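Here our numbering is used: the first residue of the sequence shown is 55, the next is one more, and so on.
What the hints contain is simulated information worked out from the structure, not anything from laboratory work. This structure is a prediction, so every number in the text was calculated from the model and none was measured.
Here are the simulated SDA-like pairs of lysine to any residue, each with C-alpha atoms no more than 20 Å apart in a straight line:
| # | residue 1 | residue 2 |
| --- | --- | --- |
| 1 | Lys170 | Thr180 |
| 2 | Lys159 | Pro190 |
| 3 | Lys56 | Val162 |
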Amino acid sequence: MKVTVGLGSNLGDSHGLLKRAAEAVLAQDPTARFSSLYRTAPQGGPPQPDYLNAVVQWETDWDLPTLWAFCRGLEAEAGRVRTVRFGPRTLDVDILCYGRHLTEKPPVILPHPRMKDRRFVLEPLTEIDPECRVPPDDTPVLTLLRRVLNQEVQRLPPWEVFPRNTGRSSNS
Numbered sequence: 055m056k057v058t059v060g061l062g063s064n065l066g067d068s069h070g071l072l073k074r075a076a077e078a079v080l081a082q083d084p085t086a087r088f089s090s091l092y093r094t095a096p097q098g099g100p101p102q103p104d105y106l107n108a109v110v111q112w113e114t115d116w117d118l119p120t121l122w123a124f125c126r127g128l129e130a131e132a133g134r135v136r137t138v139r140f141g142p143r144t145l146d147v148d149i150l151c152y153g154r155h156l157t158e159k160p161p162v163i164l165p166h167p168r169m170k171d172r173r174f175v176l177e178p179l180t181e182i183d184p185e186c187r188v189p190p191d192d193t194p195v196l197t198l199l200r201r202v203l204n205q206e207v208q209r210l211p212p213w214e215v216f217p218r219n220t221g222r223s224s225n226s
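Turn these sequences into a full structure, and let the hints guide you.
Quick look at the structure:
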């Protein structure tokens with residue numbers, strides 16, 4: 055099953071926390087594909103620092119509850135404390151898509167209900183999977199991205215954990 059997950063952080067050593075999450079994914083699938091890092095302003099919530107965001111895709115045979123537990127475990131290892139909705143966080147790990155699976159049953163709603171409205175999700179996803187079609191209506195990710203180009207994101211240089219998986223050299 056192809057899974058697509060969003061990573062974000064805006065508290066503590068965000069780069070280090072995201073790198074550790076990426077390493078945990080690579081331990082599950084060494085062929086996982088990672089986007090670049092993107093710096094983005096928070097959307098909603100209280101005043102807070104900018105985020106570092108990325109998207110990762112990998113193949114897994116995990117069922118959805120196991121994937122959800124893995125993502126929550128990464129957040130817990132990073133010291134995430136859930137207090138204020140849309141508040142700052144050490145690590146946010148959101149399941150964006152789980153194959154073509156659709157569900158409206160919490161705790162996981164698929165596809166992620168806000169992914170179509172977030173450039174910080176769509177641009178990194180386009181980077182690693184430009185042919186992606188987002189369920190339930192198979193809208194091309196490029197079409198969705200064009201709708202949110204007014205949102206500002208800043209693409210950052212590749213991370214050292216990612217170049218072998220994105221096709222970019224560590225010198226790019």
